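**Q** In case you want the letters, here they are:
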Amino acid sequence: MSDAITSEWTFRGYEMVVGLEVHVELATRTKLFSASPNRFGDEPNTNIDPVTLGLPGALPVLNRQAVELAMRLGLAVNCTVQRSTFARKNYFYPDMPKAYQISQYDEPICIDGWLDLPDGFRVGIERAHLEEDTGKSTHVGGTGGRIHGSEHSLIDFNRAGVPLVEIVSRPDIRTPEQAKAYVSELRAILVAVGASDAKMEEGSMRVDANVSVRLPGAEFGTRCEIKNVNSVRSVGRAIEYEAQRQVGMLEAGESIRQETRHWDETDGRTHTLRSKEDADDYRYFQEPDLVVVDPDPEWIERVRFSLPVLPAARRVLLAAATGQRPDAEAILVVTDRDQDAYVLAVAAAGGDASRALVHVKEAFADEGARPSVPAAALATLTRMEIDGELTATQAKQVLAELAAGGGGDARAIAAAKGFEAMDASELETMVDAAIAAQPEAWAKYCSGEGKALGALVGAVMKESRGQADGKAVTALLERRRDA
Amino acid sequence: MSDRITPEAVAKVAKLARLSLSDDELLHATHQLSDMLDHFADIDALDLDGVTPMTHPTPIANVMREDIEMDCLDRDEVLAAAPAAEDGRFRVPPIIGLDD
Chain A
1 MSDAITSEWT
11 FRGYEMVVGL
21 EVHVELATRT
31 KLFSASPNRF
41 GDEPNTNIDP
51 VTLGLPGALP
61 VLNRQAVELA
71 MRLGLAVNCT
81 VQRSTFARKN
91 YFYPDMPKAY
101 QISQYDEPIC
111 IDGWLDLPDG
121 FRVGIERAHL
131 EEDTGKSTHV
141 GGTGGRIHGS
151 EHSLIDFNRA
161 GVPLVEIVSR
171 PDIRTPEQAK
181 AYVSELRAIL
191 VAVGASDAKM
201 EEGSMRVDAN
211 VSVRLPGAEF
221 GTRCEIKNVN
231 SVRSVGRAIE
241 YEAQRQVGML
251 EAGESIRQET
261 RHWDETDGRT
271 HTLRSKEDAD
281 DYRYFQEPDL
291 VVVDPDPEWI
301 ERVRFSLPVL
311 PAARRVLLAA
321 ATGQRPDAEA
331 ILVVTDRDQD
341 AYVLAVAAAG
351 GDASRALVHV
361 KEAFADEGAR
371 PSVPAAALAT
381 LTRMEIDGEL
391 TATQAKQVLA
401 ELAAGGGGDA
411 RAIAAAKGFE
421 AMDASELETM
431 VDAAIAAQPE
441 AWAKYCSGEG
451 KALGALVGAV
461 MKESRGQADG
471 KAVTALLERR
481 RDA
Chain B
484 MSDRITPEAV
494 AKVAKLARLS
504 LSDDELLHAT
514 HQLSDMLDHF
524 ADIDALDLDG
534 VTPMTHPTPI
544 ANVMREDIEM
554 DCLDRDEVLA
564 AAPAAEDGRF
574 RVPPIIGLDD
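Those sequence lines, one after another, are chains A and B. Heads up: the first sequence begins at 1 in the working numbering, then just goes up one per residue. Heads up: the second sequence begins at 484 in the working numbering, then just goes up one per residue.
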């Protein structure tokens, strides 16, 4: 996996330059500036109040927990927390009843951080600022709920005023794999520190990608902003498509227009949404209804010391315990599923961490969950594997039985199944029988045709009713051949 | 009158604010805004090195509330006050074209 992330991406000699803007909804109980619930999936327009609706005279009051969560996230990605202010970003849109969004502009709460991808590639973080979410529009009429051709729109303000943090990366990303790894890692951190549930499918985490292309070493090209990227996979697809589109235009002698483009998941393309408004057109100015937010050092340090061990450090621990690289797929999957502590518990109970890692990863691939087996039981099982009492296949069967019973004695189950370490001489007899029964396969194997090995091993496995250790059989065959 | 702002710039700002101005009103607003900019020019003329820009009239910081839910407005009552509603939502004209 590490190779995929670090590998170069170029297209006809051009490289991509990508920065990501990630919006996340903070896991507060209430909205950023009012006391309506911040809750996904409620009946439309039930979580509304005068501030949410921008009614005359309504005044915003900042939610302390939103500030704290923004600090948690900022500190987790190595940002500096600073004195910050709110500004009004003025524009007209029906999902914004005040005709401005309260955001942070020139003085964001978190600045100058970074995030290391699992393979060690560092992506700079320019800023992370607080702002309020907008309402949700449903477009009626037209085709497929699209905004174009719709007859009218329906607005639900439940989401309006929900606290968001926008995390803006530096334009350090050069490949689709890096972009995907950045989003995955950021999501893992957000969940780990409790800042957000970061569910892309529910919209509590949304990614916009700024994409440009250039010949290596040249100045940055004109960038386009890609919206509507709703999964980690789409992030990779959308920026790859967009970068190739821009290269195509440049090669055709055209210039890139700075604009906002919409990613269409079904046709796998980006489409012009609108030409980019100049920042000036939003007429930002200080929000007069809110005062400065200036967390004192004591608050900042309290938040910093309350942070949990972050996913990157957990991967390093798990990697060390299992003898893997921190960016090995099993390490990534098992940590992402929060099962690293379980694997370490198996090791602490005297089990083999490396075998436990394999079992947990396979259980996720097969069942979507870890084996529901006490760490001590899995410890015994992995010990038996290491000691040669069980083959990998047998261990899997015993584990399935343990999981079905919610635990139990691995040794007793293995014995009941008749799984006993095969006597070495017994195995040798079976191997010799397989060689004698398939002289052609044996001849081919001896003359260097690796494929012939399968038939011989298969015969032994069949004869032993699956109880032989495939690795031991192969080793024995090699020894016979080289004798 | 000073010419610190052009009628074109005022027209642009009016458009962004969704204000429809007649030619006379545009000229009037241009005069008024130019006069205001004159006042700011008076401030600009002062030597303000070392003065921290003031963004708020009070030195208060960190006014926050606890993250506690309170009662919401009644949806039916709110929607009854809206120009149009449908399915528990505010009904608004088609969104594309607002900028034209």
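Careful: at least some of the hints might be erroneous.
[Claimed, not checked] Distance condition first, Cα-Cα at most 25 Å in a straight line; then the derived PhoX-like pairs of lysine-lysine:
1. B:Lys495 to A:Lys89
2. B:Lys498 to A:Lys98
3. A:Lys444 to B:Lys495
No lab work stands behind these hints, which were simulated from the structure alone. Please read these numbers as outputs of a predicted model, since none were measured by experiment.
**Q** Please verify whether B:Lys495 and A:Lys89 have alpha carbons no more than 25 Å apart.
**A** holds, 17 Å
**Q** Need the status of pair B:Lys498, A:Lys98: alpha-carbon distance at most 25 Å?
**A** holds, 17 Å
**Q** Check whether the Cα positions of A:Lys444 and B:Lys495 lie no farther apart than 25 Å.
**A** The given pair, whose Cα atoms are some 83 Å apart, is violated under the 25 Å limit.
Consistency with the previously given hints fails for number 3 only.
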